[in-house]
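Q: Please put together the full structure from these sequences, using the hints given.
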Amino acid sequence: MHPVVLDLNSSDGSPDIVHRAVQALAEDQVVILPTETVYGIAANACSESAVAKLIEAKGRQAGHPLALAVKSSDDALDYVPDLSAVGQRLARRCWPGPLTLVLNDSHEDSLITRLPESVRQAVVPNGTVGLRVPANEAVLSILRLSRGPLVLTSANKTGDAETYTAEAALDSLEGKVDLVLDGGPSKYSQASSVVKLQGNSIQVLREGVINHSALQRFSNYLVLLVCTGNTCRSPMAEALMRKRVSNLLGCGSEEIEQNGVMIMSAGIAAMSGGCSTPEANAVMHGRGLDLSQHETQPLTDRLVRFADLIVTMTRGHRDAIVTNWPEAADRVQLLCRDSSDVSDPIGGSQMLYEECANQIDQNLELLLQELSLPAVLCAGITGT
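Its first residue numbered 185, the sequence shown is counted upward by one per residue in the numbering used here.
Simulated from the structure, these hints should not be mistaken for laboratory data.
Certain hints may be false.
[To be verified] Below, computed lysine to any residue pairings styled on SDA-like, alpha-carbon distance capped at 20 Å: (1) K237 with R204; (2) K360 with A246; (3) K255 with G281; (4) K380 with A398; (5) K360 with A210; (6) K371 with L324; (7) K371 with L192; (8) K371 with P280; (9) K255 with P265; (10) K380 with A269; (11) K341 with G247; (12) K255 with Q481; (13) K360 with Q543; (14) K255 with S325; (15) K371 with E321; (16) K341 with P249; (17) K360 with Q207; (18) K341 with S233; (19) K341 with P369; (20) K380 with V286; (21) K237 with D355; (22) K341 with A246; (23) K341 with H186; (24) K371 with G332; (25) K380 with T566; (26) K427 with V286; (27) K360 with G243; (28) K255 with E511; (29) K427 with Q543; (30) K237 with V206; (31) K427 with S476; (32) K237 with K360; (33) K341 with Q374; (34) K427 with E549; (35) K255 with D289.
[Claimed, not checked] What follows is a list of derived Cβ distance ranges for each label pair: (36) S523 with R471: 23 to 29 Å; (37) D503 with D200: 53 to 59 Å; (38) D525 with C459: 31 to 37 Å; (39) T566 with C435: 18 to 24 Å; (40) C435 with Q517: 22 to 28 Å.
Being a predicted model, the structure only gives us computed values, none of them experimental.
Cβ coordinates follow ideal geometry from the N, Cα and C atoms, glycine included.
A: Put into structure tokens, the structure is as follows:
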């Protein structure tokens, strides 16, 4: 077989190449694709003959599972509808990216049940399925334009070293593919991290691009407190919540991250690098809390994507977030449990700041009672 090699970096541009790859996959061809980690070999997961060709090219023995590449973290829920809170967190924060999630395949509504029997045996031989969303624009475009998921594994014959260029992938697979997309050397030249999830517990099967400490941070529960300028209400809320959460977890406020929780604040109209108001500093100092190191930050796409719970001081803040990030609507709550607003004390008296802090603290107590925080925390990371 003499495969066609197409250069994604050519002056012809990649859109036509992407469409050609989509067509090849739809015609049950086997395609070498670039990813940010290693080069991969892909086949249409809805085609028994295509997946059989991939297995033959790879030289993969039965019982060694092949991963599925899907479009997005939302797409993953079609295959694992009961994905745990930690699983959803890792998918939302790490995808597209160099992480493969190995998940239990036991839900009767999983789309995996619609794949051909031989394909199911190839991707779920042991009751678990590996899911991945590669961080490569061409591959993501192919996934978006394809009818279903792709079976994806590293583009090397079993026993050979992983490949980081199209040339090396071709050498290893001895021409047993139909089409090659050459995207140049892979970004990381290192394999993806592979973690197995059992509920909210994480077992590291392979430490790749994302190391153990990064996985710990990505698995933490993040509360993001939001006001306008991030100078008074949300910084006070952050400090007050840190105190309450540290008491709840039985640790110091500086240790809550090691215990699975991150608490941050931001402002819808904040500038970067500012400080909290003197009045807010004084009020928190009177409660044994320190805002002297606080730096203001604006609300960003990344913060919204990472946050498990976004708590706003007013209905206007919530409406603004939901308008700009509708996909986050189910993670945005108003702080006050009676749906009232926390009024902005800026320019007001010290007494007004005290009243504001009291209102925030009382509602944080109610919020934490509703949240049942321990139930959503990572139950621990084991392995490499």
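Q: Among all the numbered hints in the text so far, which are the ones the structure does not match?
A: 12, 13, 24, 26, 37, 38
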